[in-house]
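Engineer: Input sequences plus hints: build the corresponding full structure.
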Amino acid sequence: MEKVLCIDDDLSLLRLYQEELAEEGYKVVLAKDGKEGLAKFEKEKPHVVVMDIRMPVMDGIETLTAMLGKDRQIPVILNTAYPQYKENFMTWGAEAYVVKSSDLTELKQKISRPSPSAASTASSISP
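Counted from 1, the sequence shown has number 92 at position 93 by numbering that gives the first Met the number 0; the numbering is strictly sequential.
Keep in mind that the hints were calculated from the coordinates and are not lab data.
You may find that some hints are simply not true.
To be verified - Restraint ranges, calculated between C-beta atoms of paired labels, are given here:
| # | residue 1 | residue 2 | range |
| --- | --- | --- | --- |
| 1 | Asp9 | Trp91 | 29 to 37 Å |
| 2 | Pro55 | Ser111 | 26 to 34 Å |
| 3 | Gly24 | Gly68 | 25 to 33 Å |
For every residue, glycine included, the Cβ atom is placed at its ideal position computed from N, Cα and C.
Structural biologist: Set out below in structure tokens:
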């Protein structure tokens with residue numbers, strides 16, 4: 000079973016990710032901030048990471064930078080309520096960007112189909 004690490008300070012959103020992604024056949028690992036997420040990234044070795052940008056303790060950009068320093072093969076999808084970050088996600092090293100919504104259709108599509116750059120460096124992450 001493939002693992003998805005979800006990092007967000009919104010606990011209700013983490014519960015939604017847990018429910019929806021588990022139904023899709025993924026093992027879901029949750030973290031409430033970047034520091035906890037980085038520790039779980041190292042321990043759990045997920046197949047993909049879904050992460051917010053604005054979080055306490057360690058924000059998403061700091062966390063992404065640290066993750067890329069440890070393993071560039073694991074795709075990171077930035078999932079945030081702030082659409083102005085869309086033009087920067089690739090320069091930060093993320094594979095994809097999704098605006099937060101209670102409808103997880105787009106997010107699920109990004110998780111199941113890595114971008115062309117991820118596909119060339121990592122195996123498919125479909126369950």
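Engineer: Are the hints correct? Go through all of them and say.
Structural biologist: Hint check:
1. About 21 Å separates the C-beta atoms of Asp9 and Trp91, a value inconsistent with the hinted range of 29 to 37 Å.
2. At roughly 30 Å, the beta carbons of Pro55 and Ser111 sit within the given window of 26 to 34 Å.
3. For the pair Gly24 and Gly68, the beta carbons lie near 30 Å from each other, so the given range of 25 to 33 Å is met.
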